[in-house]
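For the protein sequence lines, the chains are L and R, in the order given. Using our numbering, the letters of the first sequence correspond one by one to residues 1 to 365. Using our numbering, the letters of the second sequence correspond one by one to residues 1 to 365.
What the hints contain is simulated information worked out from the structure, not anything from laboratory work. Here the structure is a predicted model, which means the values were calculated and not measured. Where hints are given, some of them may not hold.
Heads up, the list lumps identical chains together, so a pair's fine if it works in one copy or across two of them.
BS3-like mimics (lysine-lysine), calculated; alpha carbons at most 25 Å apart, straight line [said to hold, decoys possible]:
1. LYS213 <-> LYS17
2. LYS21 <-> LYS67
3. LYS21 <-> LYS48
4. LYS48 <-> LYS23
5. LYS80 <-> LYS21
6. LYS17 <-> LYS48
7. LYS213 <-> LYS87
8. LYS186 <-> LYS23
9. LYS87 <-> LYS186
10. LYS273 <-> LYS23
11. LYS23 <-> LYS67
12. LYS23 <-> LYS80
13. LYS87 <-> LYS21
14. LYS213 <-> LYS186
Here are the chains, one letter per residue:
Number of protein chains: 2
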Amino acid sequence: MNRYMERVESPAIVEIKNRIKAKEESGENVLDLTQAVVDILPKLHYDKLSEHLGDRQTHLYTPDAGKNELRSQLSLFFRKQWDYRGKPENIFITPGANNAYFSLMIMLMNTGSRMLIPLPYYFNHSMTVDMLGGENVFCDFTYDSIISNMADTDIITIVSPNNPSGKIMDSSHIESIVREAAGQGKYVIIDETYALLRYGDNYSALSIIERYKNLFVVGSFSKSVPMAGWRLGYSVMHQSFAEHFLKVMDCNVICASTVSQIALLDILSALDKNAERINQILIERRDALIEHMDIEESHIPEAACFLWLPVDNDREFADRLLDSHSIGVIAGSYFGKEGFVRISYGSTDTDELRSAGRIIEGLRN
Amino acid sequence: MNRYMERVESPAIVEIKNRIKAKEESGENVLDLTQAVVDILPKLHYDKLSEHLGDRQTHLYTPDAGKNELRSQLSLFFRKQWDYRGKPENIFITPGANNAYFSLMIMLMNTGSRMLIPLPYYFNHSMTVDMLGGENVFCDFTYDSIISNMADTDIITIVSPNNPSGKIMDSSHIESIVREAAGQGKYVIIDETYALLRYGDNYSALSIIERYKNLFVVGSFSKSVPMAGWRLGYSVMHQSFAEHFLKVMDCNVICASTVSQIALLDILSALDKNAERINQILIERRDALIEHMDIEESHIPEAACFLWLPVDNDREFADRLLDSHSIGVIAGSYFGKEGFVRISYGSTDTDELRSAGRIIEGLRN
C-alpha cells in the first residue's frame, strides 16, 4: 500500500456526522451546523433538462476538458464577472473543485514537495498533500506570514474566500503573493470555491491569471449555484500545462458528467443574479446567528457561509454543544487551528440560527 | 512539476480524433471506428428522473461511497448476476471505472511500484502507472505469461473482457492468478468494465472477492447500460481498505454525481435484460464486420465491442485506411502491441460495418 496512507487523517466531517446520526437514530433532534452546504435550491430549467434526456449526446462522453460550448460560455461569464482575459481553452471543467485541486496536485507535486498552507486549512488540501507524499508547511492566513514562509516551500495554496474562516485575502495581497512566487519559481493555487459568495465585493484571481504562468485558479459550482450533487468545478491555468492536465483528467475521470454540464449551461446566464439572491439570504442568516453574540468586528464573515468563532478548548466546546444542546459544529482543531469552532449557516433558517446563536453564546461565557 | 509527467504519453484517442475532425471539417465523411463507445440508448425512466429534479436531495452530495440504497441494490444485483458474496459496504460508487482505478492506484502504489500489465494494454492504465512514478512490466495476455512474470512485480492489472482485444481471461485462470498473487503478497486488479458484455457466458471476479483480500474489482456503467456521460463506475474491495479508499475519494471527487446515482437506481432492475439486448445487437454488428473477412476463430471477439485484427505494419495500415478510405481505427502500437488494429463496432450499424469490413479486408491483402 501507499506508504503515506496511514498518516492521512480521515475527514473530520465523517466522525462528527456519525455522532450526529447516532443521536438522531436514538430519537433526538439535532441541529446540524457542520456541513459546508448552501441549501438554497437552484432555479434549474427542468423542462429544458428533460428535453436533453432524449438527446443521444447527453449519454456520451464530452471532451475531457468539458463541452466546448460550456468552456466558451464560462469564459464570457468569467470575463463579465471578474475581467478574465484568458481563453476558453484555459478552462477545464472537472467533477468538483476537489477534483480540480487533486488533479492539479497530481500534475505539480513530487514526493517531498513542500506545500505552504495558511491556517486554518481546508482539510482535504492537507490530506491530499499527505497522501501524495508531500510536506505541509503551515503559516498564518496573512500576507506577511505567507511571504515570509514562502522561500522554503514549492507550492502555495490559498483558499479565499476561506473555508473554514469565512475570511477574504485582500486582492492586492493575492497579486503580490503570486508575483513574489513567480520570482521565486513557485506555484500558487487559489481555491475560489466560494468566489461568488462574497457579500461586499467582487474579486477573483482569474482577473490576473493570463499574466502569471505560475498561477492556478480552482472553482466550484457546488456552493453558489448550488449544484453540489451535480459535481462540477473548474481549474484555470496557463496553456503550457494544458497537455499535461488533460493526461491527468483522462486517467482520473475522463470528463465531468455530461448531463451536469448541460444543466449548468442552461442556467449559466442566471448565475450572477442567483448568487446575489443567495448572498442576500446568507447575510440574513449570518446576522441572525450573531444577533445575540458578543463578537469582534473582525470575526464577522464577509463571504462564504461560516462563522469562525473563538472559544476556549474547541473540542470540548463542540462536544458539549452536541451532547447538551444537540447542536453540531466542527472544532477548529480539525482545521489545524485550536481555539475556534466552525459554524455553518448555509442551510438553516434564520429563526433556528438566532436561537442556536443564543445557546452557543451562553456556552462561551 | 511532477517529474514523471513528461514521460506520460497523451492518450492515443486524442491524436486520432483530431485527425478525423480535420477531415470532417474539410467536408469529408469519416466512418469513426475508434471509440470504445456502445451507442445504444439506455431505456432510462425519464419521467421518474424529472420527479427527482424537484427533490432537494438530488442537488446535494451523497455519502462519499455512494447512496446507501444504491450500494444495497448493487450488492443484490451482483449477487444475482455473479454470485457476489460481499457486502454493500465493500462497494464504492465512483465517477467512472477510470476513477475507480486511479483512486485505487493512489491508495496502493508507491514511487517505483512495479505493475504487471498484459499486452495489449488499456492505455489509461499504463499512463496512470507512469504518472504516479511506477514501472510498467509487460507480459502476454495468457495465464502462463502472467504467472511467470509475477514474482518481480507488486501489482497485477488484468482487463477482462479486454479492451482493446475483446478477449476473455478464463475464470479458472483468474482465480489461480489471484491465489498465486495472494501467496506472494501482491495485489490484483481486475478491470471488468465490459463484464456485462460477454456474449457467451457470465462471469465476474466478484464471485470470489470475499475470499481474497488482495483482490480489487473495477467496473463501469458506461458500456453495458450505457450511461458513459453520467460518469458512474465502481470498485469493490476488502473491508480493511475501506477507510483508506474513502480518504482518497473524499479528496479526489467527494462522491459520484447524485443525479447519476438516482438515474442508475431507477434502471438497475432492468440492467441484465438491457445487457442481453445490447449483446444481441453487438453480435450482429460483429458478424457484419467480419462477414467478408478471412480471420482465425481465435480472433473473433467473445465480448466487449472490439475486433483486434492482425495486420502488417499497423500504424501505416491505420493511416492508409483513414487517408484513402475515410475509416478511422486505432493502431495496435498505441496499446503496446504492434501488428494489430482495434476496430470498435459498438456504435455503427450493420450495413456500414459490413462494407467497412470488406474495405478493411481488401487493404489487408
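May I ask which of the numbered hints given earlier this structure violates, with the numbers listed in increasing order?
-> Numbers 1, 3, 4, 5, 6, 8, 10 and 12 - these are the hints that the structure violates, sorted from lowest upward.
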